Structures are given as structure tokens and as C-alpha cells.
Amino acid sequence: MAKKQFKAESKRLLDLMINSIYTHKEIFLRELVSNASDAIDKLYYMSLVEKTPGVSKGDFSIWISIDREARTLSVSDNGIGMTKEELESNLGTIARSGSMDFKAKAADGADAKKADTAGDAIDIIGQFGVGFYSAFMVSRRVRVISRAYGEEQAWEWESSGADGYSVKQAERAGSGTEIVLEIKEDSEDESYGEFLDAYRIRSLVKRYSDYIRYPIMMNVEKRRPVEKPEGGDEDAPTEYESYIEADTLNSMVPIWKRGKGQVSDEEYSEFYKDKFNDYTDPARRIFSSVEGVVSYDALIYIPSRPPFNYYTKDYEKGLQLYSSGVMIMDRCPDLLPDYFSFARGLVDSQDLSLNISRETLQHDRQLKAIAVRVEKKIRSELKEMLNTDREGYESFFRNFGLQLKFGVYDGFGANREALEDLIMFSSSAEKKLVTLAEYLSRMPEGQKYIYYAAGESVDRLDRLPQAELLKEKGYEILYLTDDVDEFALRVLGQYREKPFKSVSEGDLDMDESEDEKKAAEEKAESSKELLAAIKEGLGGKAAEVRLSRRLKSHPVCLASGEGMSLEMEKVLAAMPTGGGAKAERILEINPEHPVFAALQSAFESDRERLNAYAGLLYDQALLIEGLPIDDPVAFSNAVCGLMGGR
Numbered sequence: 001m002a003k004k005q006f007k008a009e010s011k012r013l014l015d016l017m018i019n020s021i022y023t024h025k026e027i028f029l030r031e032l033v034s035n036a037s038d039a040i041d042k043l044y045y046m047s048l049v050e051k052t053p054g055v056s057k058g059d060f061s062i063w064i065s066i067d068r069e070a071r072t073l074s075v076s077d078n079g080i081g082m083t084k085e086e087l088e089s090n091l092g093t094i095a096r097s098g099s100m101d102f103k104a105k106a107a108d109g110a111d112a113k114k115a116d117t118a119g120d121a122i123d124i125i126g127q128f129g130v131g132f133y134s135a136f137m138v139s140r141r142v143r144v145i146s147r148a149y150g151e152e153q154a155w156e157w158e159s160s161g162a163d164g165y166s167v168k169q170a171e172r173a174g175s176g177t178e179i180v181l182e183i184k185e186d187s188e189d190e191s192y193g194e195f196l197d198a199y200r201i202r203s204l205v206k207r208y209s210d211y212i213r214y215p216i217m218m219n220v221e222k223r224r225p226v227e228k229p230e231g232g233d234e235d236a237p238t239e240y241e242s243y244i245e246a247d248t249l250n251s252m253v254p255i256w257k258r259g260k261g262q263v264s265d266e267e268y269s270e271f272y273k274d275k276f277n278d279y280t281d282p283a284r285r286i287f288s289s290v291e292g293v294v295s296y297d298a299l300i301y302i303p304s305r306p307p308f309n310y311y312t313k314d315y316e317k318g319l320q321l322y323s324s325g326v327m328i329m330d331r332c333p334d335l336l337p338d339y340f341s342f343a344r345g346l347v348d349s350q351d352l353s354l355n356i357s358r359e360t361l362q363h364d365r366q367l368k369a370i371a372v373r374v375e376k377k378i379r380s381e382l383k384e385m386l387n388t389d390r391e392g393y394e395s396f397f398r399n400f401g402l403q404l405k406f407g408v409y410d411g412f413g414a415n416r417e418a419l420e421d422l423i424m425f426s427s428s429a430e431k432k433l434v435t436l437a438e439y440l441s442r443m444p445e446g447q448k449y450i451y452y453a454a455g456e457s458v459d460r461l462d463r464l465p466q467a468e469l470l471k472e473k474g475y476e477i478l479y480l481t482d483d484v485d486e487f488a489l490r491v492l493g494q495y496r497e498k499p500f501k502s503v504s505e506g507d508l509d510m511d512e513s514e515d516e517k518k519a520a521e522e523k524a525e526s527s528k529e530l531l532a533a534i535k536e537g538l539g540g541k542a543a544e545v546r547l548s549r550r551l552k553s554h555p556v557c558l559a560s561g562e563g564m565s566l567e568m569e570k571v572l573a574a575m576p577t578g579g580g581a582k583a584e585r586i587l588e589i590n591p592e593h594p595v596f597a598a599l600q601s602a603f604e605s606d607r608e609r610l611n612a613y614a615g616l617l618y619d620q621a622l623l624i625e626g627l628p629i630d631d632p633v634a635f636s637n638a639v640c641g642l643m644g645g646r
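For the sequence shown, position 325 (counting from the first letter as 1) is numbered 325 according to the working numbering, and the numbering increases by one without interruption.
For the record, the hints were derived by calculation from the structure and aren't laboratory data.
Please read all numbers here as calculations on a predicted model, not as lab measurements.
A virtual CB, placed ideally from N, CA and C, is assigned to each residue, including glycine.
Hints are not guaranteed to be accurate.
Claimed, not checked - Straight line, CA to CA, 16 Å or less: simulated EDC-like cross-link-like pairs of lysine to aspartate or glutamate:
| no. | residue 1 | residue 2 |
| --- | --- | --- |
| 1 | K432 | D462 |
| 2 | K222 | E245 |
| 3 | K471 | D509 |
| 4 | K84 | E156 |
| 5 | K257 | D210 |
| 6 | K168 | E88 |
Claimed, not checked - Cβ-Cβ distance ranges computed for the label pairs, FRET-style:
| no. | residue 1 | residue 2 | range |
| --- | --- | --- | --- |
| 7 | L623 | M575 | 19 to 25 Å |
| 8 | A173 | P229 | 38 to 44 Å |
| 9 | G506 | R463 | 20 to 26 Å |
| 10 | D631 | M443 | 41 to 47 Å |
| 11 | G446 | D314 | 46 to 52 Å |
| 12 | S160 | S295 | 38 to 44 Å |
Sequences and hints are given; from them, build the entire structure.
Structural data, given as C-alpha cells:
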């Protein structure tokens, strides 16, 4: 039989369809199953509108068959089928969509009442008419045997690719379509034989087409033990026989489409663990069903533990994206902001504008609208969790709070409204995680700042000399132990009009009396020459030496100037490109400590000893801050020398 040429431009267009549009060859099965579902939808819709007798939704199914010897894979349905003319029109013209034509005709021809009766029967995903051609990615030849509903004659369309196609009469018992793929031979680069493996086909159906609304069936070879004859040897090895059984491969009704009372908590948890490869139950389940300009269903989980690669560059965020129950993307990153990247789950919408391959979106405005609502829903659920399940929220925060704080910093404050009430820090008051709102609620009258200290551990920060006086006055201190913490608070700047202030930076501006302020100023004035001599003795290591108004029982501490703190310097120094960052070092000396009298005595009688004292105090302040000293040997010798009376 003479081949007919495709009506589309040329071999080049078909090559584009096969080799460029789809990124994964396995997508072909999703496309063929979706087309089969569309064909059944059309017949079911027609039966509702035209009240066709003898057509019941329960009679429909899709069958997948494998013949390893013949090297064929078949997908068949008992849907509306195609006439000879429709075969040539739909399959002979690349990028023509029979589904779109059907949908348009239905919209033009059905009145409102009939359309309402049909309900969701015309929820057809096929739009572009190119999905069928994905079959050529894995096939050397494709045959389509179809019989239109109401017709007696079946027809076979056959093609080996861009060289054209032929159409001839065929035999088929009832309406519907069977697509037979002759799978390509394996090569060094490609293993096409995987698509003749029943387990592989089952996994692809489960992955992409699990929620097609009609049963997807496949005959599977199984084994069962052969009954032993009466009186036989009971100890003889058990023999097995093979048999064929029809298995349903898909779930059909998505768990998120079932009624609330139809799904147990255990089923939701098992769905999560199976779908997202986790062995622990989720910490929280979030369900959302929205109707409007963009309608969608969302089922989102908050894991009870982070994946092993969560805080690495290998982790991929995103929710699964479905269009009318057909999976389009396994991880759609645009559905989640980075600070909620821990969320797992899915979004299903029939309002998405898919691109020609149905693998990505043609327009992103619908996706953006969904993403905004998803973000608000997750945030709302986390706030509720914080208010009603404190233990659960603290567990969540220990797992994923770092990501929230990164979100505060990474957005340069743009995400503060979404995150500032969700972040937590350890506290000097309770030695446990507290929110900023809780800190604010306990602030004494007249306290101007939210004080914090940054360092490697709560225990170390709790012993900081700079924190002693604040705690004595009843001021709570937030303990920042993650590298990102101080950067995040610097970006926030303030919380509900209360600025953040480090215990190691600038003037703490505590509620001092006028007499206390005057006495401190007079002491500083009378010590100017001593402080200048100490600074000189340090040889430029300290930008300033001053009397401290933050120390109580400790002799010395390091403070930083405006801008970068000492802790930020340490964090940046650990980064490959941040080693040059330096904080301004200010040595503060407690004028009420006995060491100050020793400094005064050395200043008056022995400048060499003053320099030794200055170096020793500076190194001591570095060690308190967790910073390295320049010369550990010299420090040790100085201590020994002073102990020996030199």
C-alpha cells in the first residue's frame, strides 16, 4: 500500500517532535494513556449529553499489553474511537488535536443544562495533538487500530516515522483504539527493552498516570504453589505453576479528591511515606482546595525530619504538579519559596496552561497565583502549630528553622512579614527556644532594645562578660548560635519598633541614672592618658581602648565598632571568599576591677610592665570571644613571667 505523506511541513517537524520536545523518553506512556483516557471521556460525555443507551462509566478501561517475543507494547481503550477520516486528520497532521476539536464542538453545541449534566466528564487534558508522536521516541513502527463508536468498520493507521503513513481496513470487536508499538532494539546508549518489562511499565503508570479516572489494566504472569497430591511426600520441595492474572495498575481516585471521612490519618501518612520516600510519619498535613480564577487542590506535608541532603546543594525543592490527575512535573520549584523548601506534597489543577510537551507550563501567571496561596497556607498552618502544639513546633524548628532564618536574610527583609513571627532563638531567661513576640512580652518597662549575643553555644554565651550586667538588671538576651542568626537580625533591624542590639557592640544604652552617667564620664576623662598608653602598647591591634560600662565582675572584654561584629567576622572567615573581612576591635577594661589599679600603677612606674599587661589582657579578651591569639607562645611566656614576678 502506497504511503501517504504527513500534511505537516516535513520530516524536520516530526524529528523535532520526537527528539527535542520531550526531555524523557518514558513520557511516551503517559501521553498514550492520557490519550486513551481522553477517548473514553469523549464517549462518556457524549453518552450523558445524548443519553446514549448501553454506555456506563463502569464499563470503561485502558489495557496495556506486553509481548516480549514480538517486542511490542500495546495501549488500548474502549472509548469513542476514530473513523478513517479522523485517523488521517488527527494522526496524519502533526500538531492537530482531536481533543481540542471535540472540546470546541462540545462548547459550541451543548447548551448550559447539558453541560452541567456532563459535569467533569469533559475534563480532557489533550490540547496539542503531539503526545501521540512521542511513541516514535521508543518505536521503530507504530500501528493504530481504531473503530469509531457507532461504526461497523475498523481502520488501521501505520507509520515508521517521517517517511509517511498508510491507512487500511482492519478488524476490531468494539469501539475504541489500540496503539501497538514495535519497540526499538537496544543500542550502546539506549536500553529500549526496559519498556517491555512489566515492573517498569507498572512503575511508570504509578508515577505519571496513577490518577487517570479509569482502570488501567495489565495481564501479569504470576506464580502459585501446586497442591501436593494426597498421600504424597510432605517433605518434597514445593512446585510452582505460572498463571496470568489481570492487575489494576492505578489508584484512579486521588487521595486528595476523596471526602474527608473517606481517608484515615494512617492512609494519609502511608501515602506520604510511599510517595516521598520517607520512613517516618509527617509532622503536619496541610490540605487546601481552592476554586476561583485558578482552581486547584493541594496536599502538603511537613516532614518530621529533614532529608539527609536537605542542607546541601544537591537538594531539590518543589511540589509535584498535576494537571487533572496527570503528573506534569515531579518537583515544581516555582510552587514553593526557598524558605519553605522543606514542604513535600503536590498541587493538582485543571486550569494550567501547559506547553506543547505537557512537561512544563506555557504561562506562569496561574502558577504564580497558586504559589502565593500555597505560601500563605503553609505560613498559616505553621503559626497554628506554634500556638497549639508548642512541642511539635519546637521539634519542627530544630529541623527546619535554619531555613526560615536563611529566608529572612536571603530576602534582605522582603520576607520579614512572612517569617519574623515564626523564627525562634534560645534565651537567657528560659534557656529554651522563644519567639520574638514572647521576648517582647517580657521586656521591662523602659527597655529600648532587644539584646542578643552571638556565639557557638548557649553555655558559652551565657558566661560572656558582656552579658552579666544586662542579666543582673533583668534584661533578657537572645542567644544566637547559628551562623546565619546575626545576619538575619541585622537585616530585620527591628521587631515591632524595638531595634536589635548586640551585647558586644556600641553603647548598651541601659537605664542609667544621671549620677551614674556623670561618674562614668568623669572616670573616662581622668583615665584618658592611661587608655592612650595601653592602646599604644598594643601596637595597633585595637582600634580603641576605653573604660567599660557593660562589665561587672570581669576585668576585660572585646567590643566591636559599628557595622561588622566579631562573630560575623568569624563566620565570614570560614567561607572561601570571606577571609579578608575584619571587625573593628575595641578593648574594654572594667574600671571597678582590681586589674585596673594594677594598670594604673604600671602606667605611673613601669611602662614595660604596662605593655605586658596590655598584651595579656588583649589576648585574654580574644580567648573569651573564641578568637585565636596571634602568638600563643608569647602569651604563655607572659603569663609565666608575671607569675614569676618579672
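Going through the hints against the structure:
In summary, the hint linking K432 to D462 is supported, as the alpha carbons are separated by about 12 Å, within the 16 Å threshold. This hinted pair checks out: K222 and E245 have alpha carbons roughly 7 Å apart, not beyond 16 Å. Between K471 and D509 the CA atoms are separated by roughly 14 Å; this keeps the pair inside 16 Å, and the hint holds. For the hint pairing K84 with E156, the CA-to-CA distance comes to about 8 Å; that is within 16 Å, so the pair holds.
Distance check on the hinted pair: K257 and D210 sit about 13 Å apart at the alpha-carbon level, within 16 Å; holds. Distance restraint check for K168 and E88: the Cα-Cα separation of roughly 11 Å lies within the 16 Å cut-off, and the hinted pair is therefore satisfied. In this structure, L623 and M575 meet the distance hint of 19 to 25 Å, their C-beta atoms being roughly 23 Å apart. Between A173 and P229 the C-beta distance comes to about 41 Å, which sits within the given range of 38 to 44 Å.
Between G506 and R463 the beta carbons are some 22 Å apart, a value that agrees with the proposed interval 20 to 26 Å. Our hint of 41 to 47 Å for D631 and M443 holds, since their Cβ atoms are close to 43 Å apart. The supplied range of 46 to 52 Å is met by G446 and D314, whose beta-carbon atoms lie about 50 Å from each other. S160 and S295 have their C-beta atoms about 42 Å apart, which keeps the hinted 38 to 44 Å range intact.
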